[in-house]
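Asker: What follows is each chain in one-letter form.
There are 2 protein chains.
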Amino acid sequence: MPFELTRDYISNLKELIDQYDSKTVRELISSLHSADIAEIFNELTSEEARFLYMLLDGETRADVLIEMEEDARERFLKVLSGEEIAKQLITEMDSDDAADVIGELSEELQEEVLQHIKDVDQAGVIVDLLNYDEDTAGGLMAKELIKVNENWDIPTCIREMRKQAEDVDEVYFVYVVDNNNVLLGILSLKKLLLARRDARIKNLYKSDIISVRADTHREEVANIMNKYDLVVLPVVDSIGRLIGRITIDDVVDVIREEAERDYQLISGISEDVEPTDNIFMLTRARLPWLAIGLLGGILAALVLSSYEDELRIYPEMAFFIPLIAAMGGNVGVQSSAIIVQGLASKTLGIESTGRKLLKELYVAILNGLILSTIAFLYNLVRQESFSLTITVSTALLSVILFASFFGTFIPLLLRRFNIDPALATGPFITTMNDIIGLFIYLIIGRLFYGIF
Amino acid sequence: MPFELTRDYISNLKELIDQYDSKTVRELISSLHSADIAEIFNELTSEEARFLYMLLDGETRADVLIEMEEDARERFLKVLSGEEIAKQLITEMDSDDAADVIGELSEELQEEVLQHIKDVDQAGVIVDLLNYDEDTAGGLMAKELIKVNENWDIPTCIREMRKQAEDVDEVYFVYVVDNNNVLLGILSLKKLLLARRDARIKNLYKSDIISVRADTHREEVANIMNKYDLVVLPVVDSIGRLIGRITIDDVVDVIREEAERDYQLISGISEDVEPTDNIFMLTRARLPWLAIGLLGGILAALVLSSYEDELRIYPEMAFFIPLIAAMGGNVGVQSSAIIVQGLASKTLGIESTGRKLLKELYVAILNGLILSTIAFLYNLVRQESFSLTITVSTALLSVILFASFFGTFIPLLLRRFNIDPALATGPFITTMNDIIGLFIYLIIGRLFYGIF
Chain A
1 MPFELTRDYI SNLKELIDQY DSKTVRELIS SLHSADIAEI FNELTSEEAR FLYMLLDGET
61 RADVLIEMEE DARERFLKVL SGEEIAKQLI TEMDSDDAAD VIGELSEELQ EEVLQHIKDV
121 DQAGVIVDLL NYDEDTAGGL MAKELIKVNE NWDIPTCIRE MRKQAEDVDE VYFVYVVDNN
181 NVLLGILSLK KLLLARRDAR IKNLYKSDII SVRADTHREE VANIMNKYDL VVLPVVDSIG
241 RLIGRITIDD VVDVIREEAE RDYQLISGIS EDVEPTDNIF MLTRARLPWL AIGLLGGILA
301 ALVLSSYEDE LRIYPEMAFF IPLIAAMGGN VGVQSSAIIV QGLASKTLGI ESTGRKLLKE
361 LYVAILNGLI LSTIAFLYNL VRQESFSLTI TVSTALLSVI LFASFFGTFI PLLLRRFNID
421 PALATGPFIT TMNDIIGLFI YLIIGRLFYG IF
Chain Z
1 MPFELTRDYI SNLKELIDQY DSKTVRELIS SLHSADIAEI FNELTSEEAR FLYMLLDGET
61 RADVLIEMEE DARERFLKVL SGEEIAKQLI TEMDSDDAAD VIGELSEELQ EEVLQHIKDV
121 DQAGVIVDLL NYDEDTAGGL MAKELIKVNE NWDIPTCIRE MRKQAEDVDE VYFVYVVDNN
181 NVLLGILSLK KLLLARRDAR IKNLYKSDII SVRADTHREE VANIMNKYDL VVLPVVDSIG
241 RLIGRITIDD VVDVIREEAE RDYQLISGIS EDVEPTDNIF MLTRARLPWL AIGLLGGILA
301 ALVLSSYEDE LRIYPEMAFF IPLIAAMGGN VGVQSSAIIV QGLASKTLGI ESTGRKLLKE
361 LYVAILNGLI LSTIAFLYNL VRQESFSLTI TVSTALLSVI LFASFFGTFI PLLLRRFNID
421 PALATGPFIT TMNDIIGLFI YLIIGRLFYG IF
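If you're matching them up, the sequences are chains A and Z in order.
Letter by letter, the first sequence follows residues 1 to 452 of this note's numbering.
Letter by letter, the second sequence follows residues 1 to 452 of this note's numbering.
Don't read these hints as lab results, they were simulated from the structure.
Any given hint could be a false lead.
Since the list gives no way to pick one copy over another, a pair counts as held whenever it fits inside one copy or between any two copies.
Said to hold, decoys possible - Cut-off 20 Å, straight-line C-alpha distance, at most; resulting in silico cross-link-like pairs (DMTMM-like, lysine to aspartate or glutamate):
# : residue 1 : residue 2
1 : Lys227    : Asp249
2 : Lys206    : Glu69
3 : Lys202    : Glu150
4 : Lys87     : Asp97
5 : Lys227    : Glu59
6 : Lys87     : Glu74
7 : Lys206    : Glu150
8 : Lys359    : Asp277
9 : Lys227    : Glu258
Only a predicted model underlies this, so the values are computations on that prediction, with no experimental measurement involved.
Whole structure, please, built from the sequences with the hints as guidance.
Answerer: This is the structure in structure tokens:
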């Protein structure tokens, strides 16, 4: 059963580390998976982490480092020299992980680490990978893979695989290439294992496979692997030559990160923060939206102050300000969230923008009519003035219509200009909807109070 | 390169289907992956879908059905009889997919379909799987897997695998069990392929592996597979016997669904909807939050009406109502979103609840002081009355403190009672924060206007 980290476990471990009790500590962590040890590292001070690190063997060290959270890793790498990072950690890693870790270092330290990698081939591969944008397939891929030539027979294939397999942790497929390294297809290990010894690769492999170019965006990569239920995805260059492969575990991280980003945008958090981050980081991540909210509130105050006389005569107009403002914001967030989610999961279908807006309009009319009727009846029962009753209901309907149009249109517009549509769920649009909603309310109020 | 569905493609295909041009249609879709054909199905009417379905071979039919969106599948299965579903579709599926599809049918149709499955073993397996809660490991797992006995040698192993492999699409690992079917470990195909022929399974397999019990919650399953970077996860019963396996593609769907659910909760959408759903479904999904928002707005109106006299004398108090209400809502959402996300991704660390609340309090004080100072300076510059200036700033600070406490505390409280903490990001709490914020503002106003 999986390991569960508890506060008791950590305090016990910290005590043992304080006593330099290497033997007991080593026993305690010997049965743990590197992902569990990484969780423990997140809770330790730099000195404690260093002590624990010295007790691990080379491969575990590298695995633990990869599994650590980015800020814990950054903190921890500071206590190591460039030479230690290169020789104790990087040499034990797959190329994609090595490139990720080195990519996080300062440029100066990057160079120092690269110089200390003895294997020139490995250093070359890492430098190659560092050139790819980290948001693309090239930035996600590893160079380690097993490939066989279409012209080989099974024994040659297995002999060659033995050579190549040393570098590769888990093998699910073997890639089949031609003499120019152009990707032709894949061969599952199952097929290879169950094939007759005299069969030729040419007649065994599956040619109709999905691959991506190195410059494919990582969100697109995630969508493709998810849609086609792939465990590994080969990456090719512009003329189809096999240059790497992406595994599903990296893509799961991409999916999580994208989902977390969208979630943070809609909740008004501007940076990637976790509850364990320090107070200043947490504050800085939240202040921007709140500042925009404050600005919006001040603008709303300015709008309202120009209606000071009306508010003095008809103070009941003020009673419904929170209702109107909240509804504008709520409806806008709902509309934009549905569009943003549809764009992210590619479930928007192939309807045109015009049809989407029209549909959203119908939904808004339906919701708006129901809600403004309820508001109308409420004010009728409370025997409020007819001016107020008609103002609130008309304004409510108008605000719902406007906010849902705005909430649908803005993400689609951003998308057209290649800007992340999730930004439309954030502070700016919500605040805009609040203020414009208020404005609509006051204009309608002035109109109806003039008429009735 | 992956296929991209366009409006032109669909209208062209629809035209061909209208002309009953089987030959061209078959050519058009012959090179497509079942996931692409499923996308096409989402865009067709039932009659068009039926025509296209008749052109597919048995295995593709089953694959396409699994890849379809749930509502498209439901629509489509209505045009088939129980016998057709059983014989043409279910028999071609893996047990987990078969159980999922049958689980979506009406009870009546379920029985009809099960009766028409000729293979009694397969029917039995499906009935077994239907008994598991769909939110657990049992509900996610498939029964098809390859297992070998620890006492076998390689040739026996490969012979037995040949027999078992028929049922299994992709094989990444072979499970090793003892004579009682108790899971002992896994053997990678790579190891098997590269091992000497006279080796024994006993000496090759990896024993230190992670498995889950059938009643493990699917979110926990997703966290485990993500944390340990697993591609397949074996499922065992209460005495450790191997009963199934979960593959990463199903877990990717779980991760997406959970993220979408949290996203919908925070954006105030109460049902799982997609932009392609019809207008009534879209309306129904949004009305609940808007209704709560309306109720909140009416409550706010009631609160404000009890301050009618003050508002008539000091109409400037009304100017800052939107600011105070919006800030309460915003801060509350931020605080609860961070906690909810931390709970979902298990990155909350092992800090105690008390420390978390304290930390949140510090963040709130910092943000609150900055924002209320800005508001103070603004009112000072605008030469507003001192009573108003001090009321707005004090209320702003208090509302920020209260909302962030409330936003942190409620999800943690819900968690303690095993209620989904994501509910705390939804309408109820936001509206509560709005109203309580307003209340705080009015009380402080009455206090300061009395004093100054």
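Asker: All hints, please: hold or fail.
Answerer: Now for the hints, and whether the structure bears them out:
Taking the shortest Cα distances, Lys227 and Asp249 sit within 20 Å of each other both inside one copy (15 Å) and across copies (9 Å). Neither within a single protomer nor between protomers do Lys206 and Glu69 lie at most 20 Å apart by alpha-carbon distance, with minima of 38 Å and 27 Å respectively. Taking identical chains as interchangeable, the C-alpha atoms of Lys202 and Glu150 lie at most 20 Å apart only when both belong to the same chain, with a minimum of 5 Å there against 34 Å between chains. In the homo-oligomer, the alpha carbons of Lys87 and Asp97 lie at most 20 Å apart inside one protomer (15 Å), although the nearest pairing across protomers, at 47 Å, exceeds that limit.
Taking CA atoms no more than 20 Å apart as the test, Lys227 paired with Glu59 passes between copies only; the shortest distance there is 18 Å, against 34 Å inside one copy. When the C-alpha separation of Lys87 and Glu74 is checked against a cutoff of 20 Å, the pair qualifies only within one copy, where the shortest distance is 18 Å, while the shortest distance between copies is 57 Å. When the C-alpha separation of Lys206 and Glu150 is checked against a cutoff of 20 Å, the pair qualifies only within one copy, where the shortest distance is 11 Å, while the shortest distance between copies is 32 Å. In this assembly of identical chains, Lys359 and Asp277 lie within 20 Å of each other by CA distance solely across copies; the values are 10 Å between and 42 Å within a copy.
For a Cα distance limit of 20 Å, the shortest separation of Lys227 from Glu258 qualifies both inside one copy, at 16 Å, and across copies, at 17 Å.
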